[in-house]
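Participant: In the order they appear, the protein sequences are chains S and B. When you read off a place in the first sequence, starting at 1, and then add 369, the result is the number in this note's numbering. When you read off a place in the second sequence, starting at 1, and then add 298, the result is the number in this note's numbering.
Keep in mind that the hints were calculated from the coordinates and are not lab data. Note that the structure is predicted; figures quoted are calculated from it, not measured. The reader is advised that the hints may include incorrect statements.
[Said to hold, decoys possible] Derived DSSO-like pairs: lysine-lysine, alpha-carbon spacing no greater than 27 angstroms straight-line:
no. : chain 1 : residue 1 : chain 2 : residue 2
1   : B       : 529       : S       : 824
2   : B       : 490       : B       : 468
3   : B       : 490       : B       : 442
4   : S       : 400       : S       : 383
5   : S       : 816       : B       : 475
6   : B       : 337       : S       : 824
7   : S       : 822       : B       : 337
8   : S       : 400       : B       : 490
9   : S       : 400       : B       : 300
10  : B       : 442       : B       : 529
11  : B       : 442       : S       : 822
12  : S       : 822       : B       : 529
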Amino acid sequence: MANVIGIGASPKRKEDQRFLTGRGNYVSDIKRPGLAAGVFVRSPHGHAVLRGVDKVAALAAPGVIAVLTGDDVADDGLGSLPCGWGISDAKGVPMKEPPFPMLAQDKVRFVGDMVAFVIAETPEQANAAAELLTVDYEVLPSVVGVLEAIRPGAPQLFKDVPNNICCDWELGDKSAVETAFRKAAHVAKLSLVNNRLIGNPMEPRAAIAEYEPGTDRFTLWTTSQFPHVVRFLMGALVLNIPQHKLRVVAPDVGGGFGVKQFHYGEEAVITWAAKRVMRPIKWVASRSEGYVSDRHGRDHVTEAELALDETGKFLAFRVNTLANMGGYLSTFGPNIPTNLYGPLLGGVYTTPAIYCNVKVVFTNTVPVDAYRGAGRPEATFVLERIVDVAASEMGIDRVEIRRRNMIPREAYPYQTPVLVQYDSGDPMGCLDGALVAADVRNFGIRKAASASKGKFRGLGYSTYVEACGLAPSRFAGRLGARGGLYESATVRVHPTGQVTVMIGTHNHGQGHETTFAQIVSEKLGVSFENVDIVFGDTDRVQFGMGTYGSRSLVVGGAALSRATDKVVAKGKKIAAHLLEAAEVDIQFEAGRFSVAGTDRTKTFEEIAGAAYVPHDYPLEVLEPGLEEQAYYDPVNFTYPGGCHIAEVEVDPETGTVTLVNYTAVDDVGTVINPMIVEGQLHGGIVQGVGQALFENAVYDESSGQLLSGSLMDYCMPRADHMPMMTVATHSTLCTHTPMGVKGCGEVGTIGSPAAVINAVVDALSHLGVTHVDMPATPNRIWRLLQNASLPVAAE
Amino acid sequence: MKPFAYHQPDQIADAAKLLTSIEDSKLVAGGMTLIPTLKQRLASPVALVDLTRLGDLSGITDGGDTVTIGAMTPHALVAASKLLQTKIPGLAALASMIGDPAVRSRGTIGGSVANNDPAADYPAGVLGLGATIITSTREIAADKFFLGLFETALEPSEIITAIRFPVPTKAGYAKFKAPASRYALVGVFVAKFADGVRVAVTGAGSGVFRVAPMEAALSGNFDASAIAAIKIDADGLTSDIHAEADYRAHLVTVMAKRAVGAALS
Ligand SMILES: Cc1cc2nc3c(=O)[nH]c(=O)nc-3n(C[C@H](O)[C@H](O)[C@H](O)COP(=O)(O)OP(=O)(O)OC[C@H]3O[C@@H](n4cnc5c(N)ncnc54)[C@H](O)[C@@H]3O)c2cc1C
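Isolated chain B (complex conformation) (with noise of 0.2 angstroms):
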């Protein structure tokens, strides 16, 4: 690990300008992510701004028709949530998948998307529902935020405050372990709304993605049956030494079809 600059802001304002005025500055939340690449020297910025300072960015609240959930609030806690487990008990359970004990109760949801690892979890689940993505400057639909590869819609002084997902009639998530990261080697969320049914993907590719033939054939049909015959061209898809890109096109479409079972079970 390289030296660096330790800020610890309590107002957002302040954070945001810290980032804006240090060049090579980064946010650092649960660190889970970030530590191990300082840690490897794969990352060496200036200085971090933590964010565990400002106060009100952990925690989990009822809008009715909407669960909102601020950026630093940890795996554990949005796992073990009795609200998200009555109203979105799909993006209860995918917490809950989420690495082990310790990276659930230190990794927060704000740091998982806005990293958007190709094989995280949250990616699925925050595009699977259509969920909208609150920063220190805007609003962002989960469908213009994820660009690809570790890329989002945020400016590199933007800060994810909270996350808001609308409650869907049933949703669903299922995931195929990597064998050794235990990262989604292929995750798909399915999320039923009055309008429709989304599908989201991760794992599979270089980003999270949503399968439109899958949410025809669900809206018509919310039954694993309607997605059975459904292939995923491989194309595209991550071919590494765990899993070839036709296994994983394979795997999303059992997965999809499990992720169905799961919301309806």
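Bound-form chain S, shown alone (with noise of 0.2 angstroms):
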């Protein structure tokens, strides 16, 4: 009997034994014969003209092989890093979309923007040369917050991109915005920002690369959460290699949380200097490079109003937001805070008007792109804080308020004002679920029991919908994509039975090579240690677009659940003509094809082996073999969401604030391993805890350092900052996706900030605190007590 772990169960993962094991392969386990070091040379100053690189004595550095700088590639007439979105302001006028070059040319614009290359024979000396490279900088002021760099007579980082703004993007029906305003009961406003924030995976970035002279070949090893898009990116676009000349591997990634989901320099520079030195080469970043070349995430400043009428119905929506870029355009950059962020202002809610207007700001600090979440967590933050304060200033409970505008279950499908149309979801039963999840009911004793320690509790609700499984390519090409965004997998059924699949995603921590086993398992009966996934290698792997967006399961599983369907329609043709029965009669089920009726039946191995040994076989109407493939690309997004409610305690004596309840009750759709669905969810909640209290990227205004540089200034949420959580799933089915899967690799994410700092801002609501930014550290507590208008003292 097949031992079929499917859908539902929770089996240990399949990769962890080689993890926990010390058996993973990193890009930088891998060795390559002729192994040379590479060295980036960084700019040091936030904002200065390159005015030229004496390469001089680092080339008589001991073992120097090669510098290779801007004038190198532009010598060479390699292009410029592509942007993977084009977005348009309302007129339909194009970004300003600046050319971003892989070593810098003329100017640097951030604190790490790529100077040199330095190529040597060990990583110590690549280091000592990369100290004896003299580069002329005439230091220019920097500019590194929104706000200043649209101020007139702020220092401009291009000459043809007038104030800083890259585009002037807005969605949403201004007109009829305004006039509900007009009509409103109540409006509520709110000025607040979304702090900028550093991913740091587990692993920092690093790649190989190689090429064969033999075989006129390139190949890039890189911590690449989509190798299919690099070899896309840099290939047809950077470096002018045929894609069939290139092989792009992601091996094991350690975390990427979007960090490693772009086109990133570094890949183009080192593949375009092996060739040029003839020598594989090998880059690995320290922690302290990540922190400044690793693309950054968030970074908005936002004014929001709510329009209300005298019921607490919402009426109408607008925000207003300045999004930081950074120094140039990333690969996603301009797409996050526009069609990520937009669309997601309707919420769970019946808000028949919304505007948006965003402008994409460039500043001297590191490129800004998707993290974890990418525009859905600043969305929710947003609207989840604008309610509370709605809430609080009409009087009326900061739930009822919710209820009042949730979309009812029965309303589904539900076209939102702002372009996408939610397919399904219960946001009235996630509330109910977590409610009582969280013994709200006796949060008032514990309240209480806080005073009497002279602590302050508060809670926080976030009811929230997310748009992911990126994405109907059609829909996106619309908004800008200037790539399709479907997924691609192979199923090969070997002759004994045993099956690989290839597909397009890429797991760094996300435990696909379990969840697909599974599904697989499930569909066609067989073992699920007879299942192995291969991804993250252009030259095993078709195609694929990688993993973000929580797109794995729902556009990735797609297509590996439909190309199972094709092995099991190809399998009843091959048992037809072996149990001399009609196609339509035979059955599949539980790993045997029968026909219907009769005990005649062929074991899912047989019917393998007879379709690689075709002696008896319809060969005049059936190819041998059994191997299929599909590629899926989704109708819609989908929309997970739920209820998260946080619960903390302030200490108004220092000001700390501890989270001491967290409860998620979410919708992520059908779930196919709970164990991991649950792992994804915990993660992504301390993810989004460790913006709200903890982490912060902080540039120094005038020079453009970078002063949360590595762990000892930036903040990550560690173990000891969080309680057991509570996270329950409280599903409907997706009614698009083959499975019913939703997605659940961001929702934790996306939910949680709000959260947290709505229970901040309510167990200080007695003091007069109205809101409070991120991340709320024990100093910025502190200073809004200080400024309270009520007095400080335990209630």
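With the hints as a guide, bring the two chains together.
Facilitator: What follows is the structure in structure tokens.
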């Protein structure tokens, strides 16, 4: 009997065996004969004219093979790093898209901008030579904040980008919103900052590139979430390497969170350099280097207004945001604060009119791009915060105001005024479930107990929805995507019935090797251990868009599901021949093909064997072999969501916020592996709590230096920051994905910041505190209490 | 990391001699502070003189009304010492709050005190208890030892061999951890002796310092209430992305009260 471990089971993760025993294979584990070492020389200035680089001393240093600069890139006529999205303003004018050279030319625009690549026999020699490079900078004033960057007289990053504005983007019906505001009984207003974050995956970025003159082929091993996209962007658009001459491999990757889903200049430089010096080259970023070169996330300044009628019904929502892009456009950069932000401002509510303006702004900081949640946490934070502000101003209970505005389950599919149509959902069900799970009824008792210790306790809600499963290609194309967003899977059944799956998504912590094997085990009735998942190698996997935007199961899993359906369909044809029955009479169940109503059956293995040893086989009408492929392009996004409830305790003496309880009831559609889903929720929530309470990327305003450039200064959330979390699912099925799945990779990060901050504000509301910016650090809370309108004393 | 020579002498005299004879040489104890600076190429000594072979530098000895801790004693040993837990529990508690388990098992008291990081914990304990730093050549009172930001009274080739602590009647340490580094954003050590109270603050300024008004108040009444109203001047305190000077000043009072509470518990 096959050991089927299918949908709904929680086997231990297959991949953990190798990770926990130190047998993972990461980029920096890979050795190549004759491997040289590369080191990037980066700008120490936020903004400067690059007058010249003197290579002489560095070239003379021991072991140095080459020193390459932007001039060499220009001499070779190579392209600029491409942006994958082209957005436009309200009049259809395309965004300003200045070039992003892979090594700086003429100017440097952020601390960490790459100026040169030094290649030597050993990393020590490359580092020593890098220190000998003389770079002539004419330092210019930097601008790091969005408010400052658009002011008249601000330092200008690019000649042809006035006021540093890349695009003045908008969405929604502005005049309908204005009309609704005129009729409103109440208008709630909120100004907020969405703090800049740095992803900090466990494994720093790294790359190895090699050129084989015998075949004229390049291989790039890179810490990437999407190797095929790197092959396309780098090969076709930067280095002019034909796709069939370029192999990109992303082996085991130690976490991404978005940081590794871009095409980076380092990848292009090292690949180009490998041919120039005819040596394989390895580069491994240090943690410090990651801080100034891994793309950052978030960084918005927002003004929001919510119009309500006298009963607390939302009439209209208006949001004006300045979004920081950093010094250049990264792969998805301009898409994140626009297309992944504006369409989410409807939330789980029936708000009829919404208008959103986003000014996308260049500054002298690391380019900003997608970071777990990407746009949706920012949207959720604005909306869920202002709902609380409105409730408090109107004297309506925070849960009640949400109920009054929530989309009822029966109203799905629900068309929002901001492009997206939610297919399914039950926000009220998630809310009800969370209220019970969080024991909200007895909160008053817990609050009193805290007060007796001199502490303030608060409760915060976030009822949210997000859009993921990126993405319907046609829809994305209309929004400015310059590529498709489908996914592909090949199911190769071996003659003995074992299965190898080649899939275009990339597993870097999500447990795909387990989840996808469960899908195959269930659908083909084969043993769980007889399924291997292959990913991350453009020579082994047909094609793919990679892993981000909670798309792997939703889009990749759908492709896989369809490919298994094709295997079954072909198996039925073979079985019909062998069992001498009509194809329509063949049933497939639990790994057996049988003739309906008879005891005549063939096992899955027998059919596989017959496909590869086609002696008794309908060769006239059917090809031998049993291998099927599917490309799946979704018809809509998926819309997971739910209700998160955070409970915090504030020590008014020090300002310390302690998260004491956390409850999440999420609708992620069909759950394939409950243990993995729970893990994704836990991790996502911790990341959101990190944003709410601890993490902050801080730049020095005048010099553009990153002040939070190490783990000593950038506070990551840690295990002891977290209480035991209560997470549960309350699922409605997605109506358009093959298995009803919605995706769960980002929900935790999207729902949690608002829940935590709402709880902090609740804890301090008796003092007149109405808003707290993230991160709610002890110093910030203390300062608020110093300035509080009401005296600080435990109730 | 740049290449360097590595020496492992087994006599203090030899270690001192290496330090004097090789320009740009440095002692290495637990390496928890030094090695990261080498890896980041912020320091590049030509030679390291390792103290681990100097046999009797590690250990805690009972001197009756004093306790002496060898310079090479790791934080974990201080934290777990039954002798200290009985005689100066505040110091054992301080050691238990340093870094993480790995850091506590490698990092040493001598290294920490010699380094005099403005946010390190030991300087508060050493100054708060009025300890004596014993070196290869002399004895230095804590009040004369810490000279500000990473600066001490040590001569370039002088080696700390031990630190002698007088046993107080009561002592306690309270630390407000910096969110990211978990060094002391503000740490306060209070120690009560027959002839008065000492209060030492780390983390708040460019180096560890004493707070005379608190010492006077606590000498009269060793209770948190005695210092609750004493405010520290924010002038001269550190302001950085984690905490502004006036917040640090406020925390000094809060942590001092908690340290007294710890001493009394
Ligand atoms: C992750 C991490 C977290 C930490 N957290 C904390 C914390 O919370 N609180 C805290 O106080 N510290 C903390 N530290 C620092 C730790 O306590 C170090 O161990 C200590 O500062 C130095 O001790 P060491 O033995 O490692 O010294 P080393 O790194 O070996 O040496 C440090 C310096 O002292 C000199 N030196 C060493 N021994 C002697 C001696 N006997 N005589 C003269 N000079 C000497 C060396 O030449 C060097 O300049 C942390 C360190 C790390 C890596």
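Participant: Any of the earlier hints contradicted here, and which numbers?
Facilitator: 6, 7, 8, 11
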